[in-house]
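Go ahead and model the full structure; you've got the sequences and the hints to work with.
Quick note: the sequence shown uses this note's numbering, first residue 46, plus one each step.
Bear in mind the hints are in silico, worked out from the structure with no lab data behind them. Hints should not be assumed to be uniformly reliable.
List time: in silico DMTMM-like cross-link candidates among lysine to aspartate or glutamate, alpha-carbon distance up to 20 angstroms [to be verified]:
1. K529 <-> D616
2. K529 <-> D655
3. K537 <-> D514
4. K537 <-> E566
5. K537 <-> D504
6. K537 <-> D614
7. K529 <-> D621
8. K529 <-> D656
9. K529 <-> E586
10. K529 <-> D505
11. K529 <-> D608
12. K537 <-> D621
13. K537 <-> E580
14. K529 <-> E580
15. K537 <-> E568
16. K417 <-> D616
17. K537 <-> D655
The calculated label-pair distances, taken between Cβ atoms and stated as ranges, are [stated by the list, open to error]:
18. L116 <-> P200: 38 to 46 angstroms
19. R380 <-> S153: 21 to 29 angstroms
20. K417 <-> E566: 45 to 53 angstroms
21. E580 <-> T512: 12 to 20 angstroms
22. S640 <-> A263: 46 to 54 angstroms
23. R635 <-> G374: 20 to 28 angstroms
24. L637 <-> F125: 42 to 50 angstroms
25. R128 <-> T630: 45 to 53 angstroms
26. W479 <-> E580: 44 to 52 angstroms
27. K417 <-> S192: 17 to 25 angstroms
28. W649 <-> R296: 29 to 37 angstroms
29. G457 <-> I584: 33 to 41 angstroms
30. R540 <-> G457: 42 to 50 angstroms
Remember, it's a predicted structure, so these values are computed and weren't measured experimentally. Beta carbons: idealized from backbone N, C-alpha and C, even for Gly.
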Amino acid sequence: MSDNAETNSTSTTQSGRLSHLTLAALGIVYGDIGTSPLYAVRECFRSDGGLDVTAASVLGVLSLIFWALVLVVSLKYLTFVMRADNDGEGGILALMTLAVPRRRQGGSAAFFTLMGLFGAGLLYGDGMITPAISVLSAIEGIHVATSALDHLVVPITLAILLGLFLVQRRGTARIGRLFGPVMLLWFAVLVLLGTFAMARNPVVLQAISPHHAVQFLAANRQAGFVILGVVFLVVTGGEALYADMGHFGARPIRLAWFALVLPSLVINYFGQGALLLADPTATRNPFYLLAPEWALYPLVLLAAAATVIASQAVISGAFSLSSQAVQLGFLPRTRIIHTSKDERGQIYVPTVNWLLFVAVIGLVLAFRTSSKLAAAYGMAVTTTMVITSILFYIVARRRWHWPWWAAGAIVGLFILIDLTFFGASLFKIPAGGWFPLLVGAAVAVTMTTWRRGQQVVADDLAGRLVTTDVLLNDIAAEPPMRVKTPAVYLTKDPRVVPLALLHNLRHNRVLHGPVGLLTIEIEEQPWVPLGGRAEVQPIGEGIYRIVAHYGFRQRPNVPNVLDQCRQYDLDLTGPDTTFFLGRVTLDVSRRLVMSRWRKYLFVWLSRNSDDASSYFGIPPEQVVEIGLRLQL
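Put into structure tokens, the structure is as follows:
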């Protein structure tokens, strides 16, 4: 009886945790894809393809929507891509590190790295468009109730977005607890609205058969192909399922999708189709016209809340993406603030926040309606999905050692679907699809410039550095004056002596004791447990080599590392410890190591990089900086 009771208690606890994570995933992960019913069907019948509202066209579009959700989200992401986790983490950068380890060199590695960085840049573009189109589409519901308030749509949208970006600095830990229940209510409303409409016109259920989609594309040809690019709007949040896997795990995300999100979306989309068959004039806003007149204003408020949640998800994703890029060495150090002491993923990146804000406000003012923004939306995600499929193939072949025919058959299907959507989205480029592509290219250029510039600087410094063995021989041959206060020198390579120490010895003839040569290594896994964080090796003359290991989702903290060194009988803590940091000042020269414009970009990035002492949590009053000037 006791064992059974304990087993039942454990099962209950696990079930409760799964329910909690599923509800949380519902609020964070599914905000983007969950708000697509606001505009997706409407845009299919208001696009430049000139699609008429007929039984064949409605059933064809609904069939395309249904099978896009099944093939792209259910099959590709939830069944296969989410298996490619990097120690539980997902997302384009995590997938890139799996496909192209840093130790791998050569042309193919550089190509796939560039592809991954471009995909990351596209997600920034998506993070700019999603808040603009989502909130605009929600507030545009006012027009269904009365056109007298149309002039307030843009001002209300701007006010909501301003409040959303202002609240980021306070963190979303508290308000985030409401996300799950609000989205649960949102999906329940989607089901109610769709069910009542389908009950009056159940013929739309025939759209589950794929032959309606095939007949639609065959009958409409180019116009149908253009509509396919609009249909893609229903899966624009699919990449978020993979990117947010590390926060909740794969099981809660899958459970939320199959148990609630997929049925709710299909029922609502089919309900909008049923409404269009009954009233072809409802194309102006089929989502809001599903609701009775008395429910319009409450529905607008609920939709606004759901779109704010969707926007919050992509903003938080941009923060997480930026933090990973900094840790992996693709962006300069930037200020990162942890907004929750309990949730390690809750961060705020001021620079990214306000760059996104400016871009989002600019998009709202430039496009002014969600219909015009829809042209720009989706281009980023279709391109990212193509990149994800290609990188997934590399992981399947190199990491999992799948036979080429198995990997080719599965990924070939995905790429065929992705390229079809991608090709259809190409028609959107002149009308706004160029924007996310421009953002993706700009981010990729910035990341590759920073990585290349760092390598050039490292190569220049390598000729000035000496190994620790040479240092020990020099100290033994000509002992410097010793100061019995601890000192820590940060160095990127644990095998060599940092320039700050060489300059200190050369000019001051002083050596502290003990001395820690600290190297922070970012691993290709997201998290490194505390027990394996620090390695300490004495190398002689009171000098110790310290290597601290962090995952690319973790924020390095020097005082914490030094505190762990005490277990090795090395005490470098306390107010008397001096931290010596090297600062390199760069000048642009005529050297042919990089394009001149890229040199200026790298110098600008370097000068605006966050101060090392604040980034690594070093007390500023204990820091001494030693500078060096280099010609780039």
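Unsatisfied constraints (hint numbers, rising) = Violated hints (numbers, rising): 2, 6, 8, 10, 12, 14, 16, 19, 28, 29; every other hint is consistent with the structure.
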